[in-house]
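J.: Take these sequences, add in the hints, and give me the full structure.
In my numbering, the protein residues as written are 1168 to 1270.
Simulated from the structure, these hints should not be mistaken for laboratory data.
Mixed in with the good hints there might be a few duds.
[What the hints assert, rightly or not] Derived CB-CB ranges, DEER-like:
1) L1216 to Q1183: 29 to 39 angstroms
2) S1175 to Y1223: 15 to 25 angstroms
3) L1196 to I1262: 12 to 22 angstroms
4) D1217 to D1246: 38 to 48 angstroms
5) Y1223 to R1198: 39 to 49 angstroms
6) F1259 to D1204: 16 to 26 angstroms
Heads up, the beta-carbon is just placed ideally off N, CA and C, and yes, glycines get one too.
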Amino acid sequence: MAACADHSDRALRVVQLILRTPALRARFLERQDQWRDDLAAELAQRLGLDPDTDLYPQLAAGMALTAFDAVLQRWSGSDGAEDPAELTDRAFATIAPALDSVE
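T.: Okay, structure coming up:
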């Protein structure tokens, strides 16, 4: 999100293009799947969990990326009027209790 804040007009146009173009949106979702797997593996390693048997890393990664997607949707939908950093903080504050209870 720092990149969005540093170049907000350009980043907003790119995000809007991705979200409004089916082929780009599909590719973005494919990338998110890759990020989810990478993030889950990193979380499992850091927490000493088995990524093949423990659900927490996959759930936490999925929730984080869903929050990220919600922020992008909201920011894009507001045409940049909402602050992406504030949206990110709010999104993660919302999911934090669920992440804490899963652990």
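J.: Are the hints correct? Go through all of them and say.
T.: Quick rundown of the hints versus the structure:
1. L1216 to Q1183: 29 to 39 angstroms: This hint holds: roughly 37 angstroms between Cβ atoms.
2. S1175 to Y1223: 15 to 25 angstroms: Distance hint for S1175, Y1223 is violated at roughly 34 angstroms.
3. L1196 to I1262: 12 to 22 angstroms: 19 angstroms, holds
4. D1217 to D1246: 38 to 48 angstroms: Holds - the Cβ-Cβ distance for D1217 and D1246, about 44 angstroms, lies within 38 to 48 angstroms.
5. Y1223 to R1198: 39 to 49 angstroms: Roughly 23 angstroms apart at Cβ, these two residues miss the hinted range, so it is violated.
6. F1259 to D1204: 16 to 26 angstroms: With a Cβ separation near 20 angstroms, F1259 and D1204 satisfy 16 to 26 angstroms, so the hint holds.
Hint violations for this structure: numbers 2 and 5, all remaining hints satisfied.
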